[in-house]
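Quick note, the sequences are listed as chains A and B, same order. Letter 15 of the first sequence, counting from 1, is numbered 103 in my numbering, and no numbers are missing. Letter 291 of the second sequence, counting from 1, is numbered 408 in my numbering, and no numbers are missing.
Read the hints as simulated data drawn from the structure, not as lab findings. All values reported here derive from a predicted model rather than from experimental measurement. C-beta atoms are modelled at their ideal positions from N, C-alpha and C, and glycine is treated no differently. Careful, some of the hints might be misleading.
[Stated by the list, open to error] Which stretches of chain B does chain A cover? Using the computed rule of at least three CB atoms under 8 Å from a CB of chain A, they are: (1) 141–151; (2) 268–274; (3) 278–284; (4) 325–331.
[Said to hold, decoys possible] Listed next, the in silico DMTMM-like pairs over lysine to aspartate or glutamate satisfying Cα-Cα at most 25 Å (straight line): (5) 235(A) x 130(B); (6) 206(B) x 375(B); (7) 235(A) x 264(B); (8) 206(B) x 340(B); (9) 235(A) x 223(A); (10) 206(B) x 376(B); (11) 235(A) x 149(B).
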Amino acid sequence: MRRAGWYLVTGAVAGFAGVLGFHVGGTAAPAVLGQPKGEIGTPSASTTPSAGPGAATGRARSAAGAVVQYGYGQLSVTVTVRGNQIVAVSDPVLHTIDQYSQQLAQQVIPMLRSEVLAAHSAQIHGVSGATYTSEAYAQSIQSALDKLHVR
Amino acid sequence: MSVPPAPLTTHAEPVMGTVFSFTAVHGDLPPDAVRAALTAACRILHHCDALFSTWDPASPVSRLRRGEAGLGQMPPEFTEVLRECRAAKEASGGWFDPWAMPGGFDPTGLVKGWATERALEELRGAGLSGALINGGGDVAVFGSPADGHRWRVGIRHPWRADALACVIEAGQGPVTSWGLEPAGGSGPWGPGACPRGGGVPPRASIAAVATSGPYERGAHLIDPATGRPASRAASATVTGPSLALADALATGVAVGGDEALAVVAGLDGYAAYLIRPDGSETDTGGIAFAR
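Bound-form chain A, shown alone (with noise of 0.2 Å):
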């Protein structure tokens, strides 16, 4: 196998609650739920070393995404990737601009199938859902795995 190691990308996608279609007024600090792993605010590109298990085979290739402000709030996303596969997506880094977002995320997020690919089961080959604009897809998964499927 010429796996070609590990490969990091490191973005930032944005527009979490504001597809609930609600309308909250007023914004508040920015919270955040669960553990930050990655930069937040300006994103940078930067080389890393792994720290998986392929570490010791291959360098890691970081790329970070824009970070785009729409909706409600932001997402932080690490997405690893080895070969031409996605084998993991990271627990997200959830900045909500109100705490009835956070409400939620809490409430809806948990009750679907998801929560087994917040593991490392994601190894896909494409991404399919509601059709997005050409900038959307710049933040997209899909975007992620073209970028890193070519050779």
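Following the hints, position chain B against chain A.
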């Protein structure tokens, strides 16, 4: 030296206001032939966009919508798309209806899937051993990504752009082959797929996964009954042998929710997976969810 992995070329093409992603598995094709096939597939997409873009006021479909030109003056592709639209309207029980859109006939909910299928046929005809095309969120595949593997398609989480709601396996499996599988056994969607089809596999070896929902572009989903924006789903996914129909049905289920899901449940070869606005989930059966 170890055996190299199956050669594979990816490409991302901006077209139709979104980005199409290609994964081409070379098989025995030389790299320049793969490149040529991808170029031809992209040309098809741009051609379809030029014909059916409702955002381009000069496109044939825009002229048709404004009443400046009749059907008889439309390019030949319109005959096929209209036929597909009629079939999709009927199959969806009216939940997908291009004739009920504001501003006149609007085949947008079907054309992207239809064009993606045409592009995929181009790649298959060129002799690739497998390919995946993701048309801005609607996916069609043929063949396999590598010997003994099936395509794995993640379904985007409706509330988290970085997460998946589930993973679906698509395409021919490592063991099954057409005509040899037991009735009611493995179809293109894995064990238990197509229970209503009596075990008859689709003629085409294309497998499609289409998803619709209000989360990317807001209220673009229209209820044909009222002509107004409506959505009874956070996310609606439809699988089946045609991406044109799956695309239209996914739009229908996104609008109609459980009621439209029940319609898809009655269609041979098609299956649906619905995430309701409250986050609860249901499906018709017949989808190979990966564990």
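Going down the list of hints, with the structure as the test:
no. : hint            : result
1   : 141–151         : violated (count 0)
2   : 268–274         : holds (count 7)
3   : 278–284         : holds (count 7)
4   : 325–331         : holds (count 6)
5   : 235(A) x 130(B) : holds (13 Å)
6   : 206(B) x 375(B) : holds (17 Å)
7   : 235(A) x 264(B) : holds (23 Å)
8   : 206(B) x 340(B) : holds (13 Å)
9   : 235(A) x 223(A) : holds (16 Å)
10  : 206(B) x 376(B) : holds (15 Å)
11  : 235(A) x 149(B) : holds (20 Å)
Violation of the numbered hints given earlier is confined to hint 1; every other hint is satisfied by the structure.
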